[in-house]
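In order, the protein sequences belong to chains A and B.
If you want my numbering, it's the position in the first sequence, counting the first as 1, plus 35.
If you want my numbering, it's the position in the second sequence, counting the first as 1, plus 4.
Worth flagging that the hints you see were computed from the coordinates, not collected in a lab.
In this text the structure is predicted, and so the values were computed from the model without any measurement.
Treat the hints with care, as some may be off.
Part of the chain B face toward chain A, derived, beta carbon under 10 Å [as the list claims (entries may be wrong)]:
1. Q23
2. S27
3. K144
4. E158
5. Q159
To list a few chain B residues with every Cβ distance to chain A over 12 Å, as calculated [as the list claims (entries may be wrong)]:
6. Q13
7. D53
8. Q56
9. P137
10. S161
11. V162
12. T166
Covered by chain A, per the in silico footprint, the following chain B stretches (three or more residues, Cβ under 8 Å) [to be verified]:
13. 37-51
14. 169-181
Even glycine gets a Cβ: it sits at the ideal position worked out from N, Cα and C.
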Amino acid sequence: MNSSPEQHTIAAEYTLGLLSSADAQAFEQKMLTDPDAEAAYIYWAEHFANLSDQWDESIPPEHIKNQLENYLKSQSNVTPLTKIDQKEKYRSPLWAMAAAVVLAVGIWFALPTQFEANYQTHLVSETTDLVIDVFVDVDDKQLRIEPLQGSASLEGDYELWVAIGDGAPMSLGVLDINNVQEISLDVSWLAGLSNAHMAISLEPKGGSPTGQPTGPVLAVADTMAL
Amino acid sequence: MRELSEIEQMLIDIAKGNQQAFSELYDCTSAKLYGVCLRVLEDEATAQDVLQEAYIKIWHKAAQYQSNGLSPMTWLITIARNSAIDRRRSQASKPTESMEDYELESQQDGPEQCAHSSQTQRQLEDCLNTLEPDRADAVKGAYLEGLSYADLAEQFSVPLNTMRTWLRRSLLKLQGCMGQ
Numbered sequence: 036m037n038s039s040p041e042q043h044t045i046a047a048e049y050t051l052g053l054l055s056s057a058d059a060q061a062f063e064q065k066m067l068t069d070p071d072a073e074a075a076y077i078y079w080a081e082h083f084a085n086l087s088d089q090w091d092e093s094i095p096p097e098h099i100k101n102q103l104e105n106y107l108k109s110q111s112n113v114t115p116l117t118k119i120d121q122k123e124k125y126r127s128p129l130w131a132m133a134a135a136v137v138l139a140v141g142i143w144f145a146l147p148t149q150f151e152a153n154y155q156t157h158l159v160s161e162t163t164d165l166v167i168d169v170f171v172d173v174d175d176k177q178l179r180i181e182p183l184q185g186s187a188s189l190e191g192d193y194e195l196w197v198a199i200g201d202g203a204p205m206s207l208g209v210l211d212i213n214n215v216q217e218i219s220l221d222v223s224w225l226a227g228l229s230n231a232h233m234a235i236s237l238e239p240k241g242g243s244p245t246g247q248p249t250g251p252v253l254a255v256a257d258t259m260a261l
Numbered sequence: 005m006r007e008l009s010e011i012e013q014m015l016i017d018i019a020k021g022n023q024q025a026f027s028e029l030y031d032c033t034s035a036k037l038y039g040v041c042l043r044v045l046e047d048e049a050t051a052q053d054v055l056q057e058a059y060i061k062i063w064h065k066a067a068q069y070q071s072n073g074l075s076p077m078t079w080l081i082t083i084a085r086n087s088a089i090d091r092r093r094s095q096a097s098k099p100t101e102s103m104e105d106y107e108l109e110s111q112q113d114g115p116e117q118c119a120h121s122s123q124t125q126r127q128l129e130d131c132l133n134t135l136e137p138d139r140a141d142a143v144k145g146a147y148l149e150g151l152s153y154a155d156l157a158e159q160f161s162v163p164l165n166t167m168r169t170w171l172r173r174s175l176l177k178l179q180g181c182m183g184q
């Protein structure tokens with residue numbers, strides 16, 4: 036490793052999360068082309084990870100794993116598989132049965148095969164049983180909303196919102212809890228999704244009358260780059 | 005916690021879409037990753053939300069694990085810790101200093117080379133002990149709790165620039181002590 040002491044310190048600060056956003060991005064760019072910078076990052080990440088014994092282990096509640104498994108099941112036909120694995124699985128009778136189940140619940144046809152998500156937002160409501168995934172394909176300007184769990188509210192409609200940075204929420208429409216929704220988006224804010232969050236609020240039937248959330252916010256989550 | 009090589013195999017299987025491997029990985033790593041989220045976020049509901057987010061990232065990014073230079077547990081911890089730090093900072097309305105996961109693409113430095121050993125662990129702890137106690141605490145606070153320079157300056161009641169100087173000198177000393 037031939038990094039200068041200054042570069043080593045920057046690598047350590049990056050690993051700790053102490054750099055400004057601009058400096059962190061600059062260091063990430065540098066790592067792509069400079070093996071010494073990358074080696075310095077690995078050096079610090081591995082050394083600091085030796086402190087991991089000082090994080091007390093704590094068993095998470097059961098429902099976390101259940102929700103993750105539900106999520107995986109909903110993803111099973113869009114999981115990136117190698118071609119060989121895919122062929123093997125399609126030949127297996129077990130897989131055929133699983134595919135039949137997926138077909139029966141109507142998800143298989145609902146998901147376009149060409150949709151390639153760049154961003155995902157996993158919204159889990161703490162006050163209701165609502166769990167929603169929102170995927171965005173930036174290149175094709177498509178948004179896909181997958182309801183994973185929950186039922187329609189008797190008190191109103193669920194409305195989905197997106198906010199870029201500290202900007203005001205923009206409505207993405209009223210949620211259909213029973214079906215996968217796809218929406219074409221030709222909007223400039225798609226470029227800002229790396230610093231965005233989405234939310235679900237409970238609104239009067241038909242959606243917010245003001246264009247801004249008026250009811251209780253049921254779930255909020257950051258948009259994640261995939 | 006299981007042997008590192010087992011975790012590595014699970015990640016390879018997860019990259020092929022193996023949900024059973026994901027379930028096993030969750031069983032043997034979630035207590036540690038939840039511990040990371042709890043320590044950084046200090047709130048159970050938020051920590052649970054971020055834990056789910058971290059495992060979704062692990063599911064989607066497992067294929068990238070094989071080509072990065074980190075050992076498997078360090079890679080998993082980095083995803084959980086960065087997710088927790090991002091949430092902590094977005095809640096505090098300080099959107100600077102994002103820890104958006106960096107995806108290593110290098111083929112060099114195989115994971116085995118970087119696996120934790122009791123020797124390197126002792127080395128880090130011994131070297132932290134050579135620092136003044138509050139400086140060592142500041143380094144640990146940054147790593148274990150995801151504290152920013154501003155948080156650390158407030159906690160140790162020193163100006164921001166002083167904290168920056170402290171930390172940078174401490175990191176140089178650590179590197180000198182641990183060697184390359």
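We went through each hint and held it up to the structure:
1. Q23: 5 Å, holds
2. S27: Since chain A brings a Cβ to about 7 Å from S27 (chain B), closer than 10 Å, the hint holds.
3. K144: 7 Å, holds
4. E158: Constraint on E158 (chain B) not satisfied, violated at 14 Å.
5. Q159: 14 Å, violated
6. Q13: Answer for Q13 (chain B): holds, closest chain A Cβ roughly 16 Å.
7. D53: 6 Å, violated
8. Q56: 6 Å, violated
9. P137: Holds, since 15 Å exceeds 12 Å.
10. S161: 18 Å, holds
11. V162: 15 Å, holds
12. T166: At about 14 Å from chain A, T166 (chain B) clears the 12 Å cut-off, so the statement holds.
13. 37-51: holds (count 6)
14. 169-181: holds (count 6)
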